[in-house]
Amino acid sequence: MKKKIALALVMLLLLAMLAGCTTKGELEDDTKPGISTGAQEFVFGARNDMMTLDVSKMNDESSALVMYAVNEGLIRYSSDQVVMGVAEDYSVSEDGTVYTFQLRDALWSDGKPVTAYDFEYSFLRTLDPETGSSQVGSFDSILNAKAYYNGELTDASQVGIKAVDEKTFEITLIKNDPFFILQLAQGINYYPIRKDYVEQFGANYGAGPESFIGCGPFTLTSWAQASSIVMDKNEKYWDLENIKLNKVTQLIVPDENTLVGMYDLGEVDAVYSISAVQTTLYPDHGNKIGGTLQYLSFNTRSGHVLGNENLRKALSFAISRESVVAAVASPGSEVADSMIDPSIFLVGVAITEQYPNSTGVAPSGDVEQAKAYLQLALSELGLSSASELPAITYVAMDSTAHRQYAEALQARWKDTLGVNVTLSILPVPQAIDSLLKGTFDIFLVSQSTGVNPDTLLKNFTIGNGNNYSGWENQAYSDFMTAAEASTILVDRLSLLQKAEAIILEEAPVAPLWLPGTAYLARDYVKDLHYGRQTGSIEFNYVSIQK
Amino acid sequence: MAKYIVKRLLISVITIWLLATISFFLLRTLPGNPFQTNQILSIEMQEKMMTYYGLNRPLLEQYITYLSNLIRGDMGYSLKYTNRTVNSIIKTTFPISASLGLKALALALPIGLFLGVASAKKRGQAVDYACVFISVLGVSIPSFILGSFLQYIFALKLKILPMAQWSTPLHTILPTIALALSLLATLTRVMRASMLEVTTQDYVKTAKAKGLTESKITWSHQIRNAMVPILTLLGPMVATVLMGTFVIEKIFAIPGLGQHFVNSITGLDYTMTMGLIVFYGIFMVTANFIVDIAYGFVDPRIRI
Numbered sequence: 008m009k010k011k012i013a014l015a016l017v018m019l020l021l022l023a024m025l026a027g028c029t030t031k032g033e034l035e036d037d038t039k040p041g042i043s044t045g046a047q048e049f050v051f052g053a054r055n056d057m058m059t060l061d062v063s064k065m066n067d068e069s070s071a072l073v074m075y076a077v078n079e080g081l082i083r084y085s086s087d088q089v090v091m092g093v094a095e096d097y098s099v100s101e102d103g104t105v106y107t108f109q110l111r112d113a114l115w116s117d118g119k120p121v122t123a124y125d126f127e128y129s130f131l132r133t134l135d136p137e138t139g140s141s142q143v144g145s146f147d148s149i150l151n152a153k154a155y156y157n158g159e160l161t162d163a164s165q166v167g168i169k170a171v172d173e174k175t176f177e178i179t180l181i182k183n184d185p186f187f188i189l190q191l192a193q194g195i196n197y198y199p200i201r202k203d204y205v206e207q208f209g210a211n212y213g214a215g216p217e218s219f220i221g222c223g224p225f226t227l228t229s230w231a232q233a234s235s236i237v238m239d240k241n242e243k244y245w246d247l248e249n250i251k252l253n254k255v256t257q258l259i260v261p262d263e264n265t266l267v268g269m270y271d272l273g274e275v276d277a278v279y280s281i282s283a284v285q286t287t288l289y290p291d292h293g294n295k296i297g298g299t300l301q302y303l304s305f306n307t308r309s310g311h312v313l314g315n316e317n318l319r320k321a322l323s324f325a326i327s328r329e330s331v332v333a334a335v336a337s338p339g340s341e342v343a344d345s346m347i348d349p350s351i352f353l354v355g356v357a358i359t360e361q362y363p364n365s366t367g368v369a370p371s372g373d374v375e376q377a378k379a380y381l382q383l384a385l386s387e388l389g390l391s392s393a394s395e396l397p398a399i400t401y402v403a404m405d406s407t408a409h410r411q412y413a414e415a416l417q418a419r420w421k422d423t424l425g426v427n428v429t430l431s432i433l434p435v436p437q438a439i440d441s442l443l444k445g446t447f448d449i450f451l452v453s454q455s456t457g458v459n460p461d462t463l464l465k466n467f468t469i470g471n472g473n474n475y476s477g478w479e480n481q482a483y484s485d486f487m488t489a490a491e492a493s494t495i496l497v498d499r500l501s502l503l504q505k506a507e508a509i510i511l512e513e514a515p516v517a518p519l520w521l522p523g524t525a526y527l528a529r530d531y532v533k534d535l536h537y538g539r540q541t542g543s544i545e546f547n548y549v550s551i552q553k
Numbered sequence: 037m038a039k040y041i042v043k044r045l046l047i048s049v050i051t052i053w054l055l056a057t058i059s060f061f062l063l064r065t066l067p068g069n070p071f072q073t074n075q076i077l078s079i080e081m082q083e084k085m086m087t088y089y090g091l092n093r094p095l096l097e098q099y100i101t102y103l104s105n106l107i108r109g110d111m112g113y114s115l116k117y118t119n120r121t122v123n124s125i126i127k128t129t130f131p132i133s134a135s136l137g138l139k140a141l142a143l144a145l146p147i148g149l150f151l152g153v154a155s156a157k158k159r160g161q162a163v164d165y166a167c168v169f170i171s172v173l174g175v176s177i178p179s180f181i182l183g184s185f186l187q188y189i190f191a192l193k194l195k196i197l198p199m200a201q202w203s204t205p206l207h208t209i210l211p212t213i214a215l216a217l218s219l220l221a222t223l224t225r226v227m228r229a230s231m232l233e234v235t236t237q238d239y240v241k242t243a244k245a246k247g248l249t250e251s252k253i254t255w256s257h258q259i260r261n262a263m264v265p266i267l268t269l270l271g272p273m274v275a276t277v278l279m280g281t282f283v284i285e286k287i288f289a290i291p292g293l294g295q296h297f298v299n300s301i302t303g304l305d306y307t308m309t310m311g312l313i314v315f316y317g318i319f320m321v322t323a324n325f326i327v328d329i330a331y332g333f334v335d336p337r338i339r340i
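Chains as they are written, first to last, in my numbering: chain A, 8 to 553; chain B, 37 to 340.
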């Protein structure tokens, strides 16, 4: 009998527990957590958490996005324009090698002044071999930076990074570089760092809000790792009057369906990056392209069948870039027929107007032309049909998008040319290993296009570590070297254009498309911008108008 | 008893050491290195990073360093979350996974056992079929379907529960149910089978012959004996569930440990992967150890 009573009690308890849950649920109905009211609070959802707040080590988009809001460099991109940040003004020496920045009276979020020493400390810390930063390459154009991070030079005072006084910061370049200021505005590793914070927290610097301080329009209030990031308006910010938001919350929701559901429920006001499937459900989504070019890298090294130029061209001409973009690529992607990102603007003119180069491949492909190139290739190789070609291996990174691209291209080559391509889908580290060691025939590379045409084109010179195709063309390398040495922008552009014409003609790479990003935002979110600097959203000047 | 515990403790330590050693070397046989990510670093830069983190030194030397640090409880810094130690990541994420797991167990265990007993007692009747139906459903519906389904009904349509995130107790209800259903199904199945098995045992016949009431037989003779297989199952089940689940944590945006099991391996975050393996290992060995001791209390026939 006792047991029966006990059992009944247990059941009762369970029932009470369940019942308790539902009533509570109904009560909370109209006060959903995270919902923004009219109080200038902005909530957005993203799939990934940031990795670190340590400027020296930061190399991911999610960290860059938050850093852009909670910290500020000398100059920055804002709504695609280069604007002054902590620097009020700058001047360039006559020979173009010395940049002198005049700092404004900016304050850290705890009220201490931002000084040139904070920049000097930050830059030198990143370069210090003891720091172990993988981002040192972004300082290569600065005098002695390379020697310092490689450990050949131990005297940091010889590096071209110098705080002249509290308000004057000086950068000395190896040589005149007309693109330097754009690079400085776009880079994600050029923020100031407070020395006392690094000294206090050591290796844990930047691991959480308590071990980090910034001088941007917002301050980091909390960071619940893999869950949410809360930023409040920084009352000490120099441009406070233009900052309208009081609070920004980033919710980290790895599952896309969940995230979009939260958008429907009004739990988030904006969603950064949605997939092609979701765009069909939200016809009013926003798009942006630029920042990245995806191209096929063909292994041209001896012993690889794609050393044959005509075969490379046959493969490139056979691709209908337009159909792949429509069917598989992320929403807003655009077909590319050159090694230039058309979203780059130089001195106010779209780069595409300065670079009329093109591969000559129509967006829908040119199968007849491809077949002609294939015949040429086969006769050069002494083969009678495409089926006699040696094995061609396409190494792809194991991600949905890359697998779909690979499968689409494989099917296309088989159907149009009868060329068999074997797919080898590998986890990211192994695939990259294969790319760098040259054990592939075809690899789809996504590469940042940076802010100037150099960024991409300089990778293909002889002996460059990023010249994955192993392509060696002396004329191309000479043009690139000449371009780099040239200090007059117009000359430099014309040299770059000549170099680009060569690479497009010899086709060690086949430009495919510029992947786009689609996003969702409610109408009442004003002035949200999808920027270049972070590769993602800029909400600094957002206001909520409900 | 004391001798047994000491012996078991010793075996546990050796198990963990073997686990750590084998995993350490197996992990390093994977091709690639942690610095080969989507942001493609040049080979020279990768070499520089490998040197910085000491990953270029002889493997045996690295192993000895790792082991001596491990003994002191230091599992090093994550190679991906560069400024956080593995210890601190486990410290912040494990309590979340464990809390979700405990809630799910608290829900699944009583219901699962009750359904198991009920269906065994009413074998072949409607109650039995209903219970078997629930358990087949629970075992066969993948958690990502169930999770999305619950979100659709309770968050999107009825709007009575939040969709995701981990903040208020209210937020824990849907993931708890999603996680509990498969546990409940397994428990029901095992309990049912084991109840049916003991029903035909001689001691049950004896009890009946002695004239004991049905409920007395069920409680003192059947359930107690039928609990032994459940106990065996419970050890690893508790350990697994408390460690977090990748799918449910992803769907409900729960910042638990589950995501790291998958992401650290695909990203070749050596220190993180090793930390998780060792932590999981210790947890699993401990759970089994407790179960073995508990046998002695549940079943007097088992002497330890």
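In case anyone wonders, no lab produced these hints; they're calculated from the structure. Every residue, glycine too, gets a C-beta built ideally from N, C-alpha and C. Do not take every clue at face value.
[What the hints assert, rightly or not] A short, non-exhaustive set of chain B residues, derived as facing chain A with CB atoms under 8 Å:
hint: 1; residue: Phe71
hint: 2; residue: Thr73
hint: 3; residue: Met85
hint: 4; residue: Thr101
hint: 5; residue: Leu103
hint: 6; residue: Leu192
hint: 7; residue: Lys193
hint: 8; residue: Ala289
Are B:Thr73 and chain A close enough, Cβ to Cβ, to be under 8 Å, as the hint says?
Holds, about 6 Å.
Min Cβ distance, B:Met85 to chain A: is it shorter than 8 Å?
5 Å, holds
Does B:Phe71 meet its interface restraint, that is, does its C-beta lie within less than 8 Å of any C-beta in chain A?
Status holds, d = 7 Å.
Classify the hint on B:Thr101 as holds or violated, based on whether any CB of chain A lies nearer than 8 Å to its CB.
17 Å, violated
Using 8 Å as the Cβ threshold, decide whether B:Lys193 counts as touching chain A.
Status violated, d = 11 Å.
Restraint outcome when B:Leu192 is required to lie within 8 Å of chain A by C-beta distance
6 Å, holds
Chain A contact restraint on B:Leu103 - CB to CB distance below 8 Å:
Hint on B:Leu103: violated, closest Cβ of chain A at ~21 Å, above 8 Å.
Given B:Ala289 as an interface hint, is its Cβ closer than 8 Å to any Cβ of chain A?
4 Å, holds
The structure does not agree with the numbered hints 4, 5 and 7 stated previously, though it agrees with the rest.
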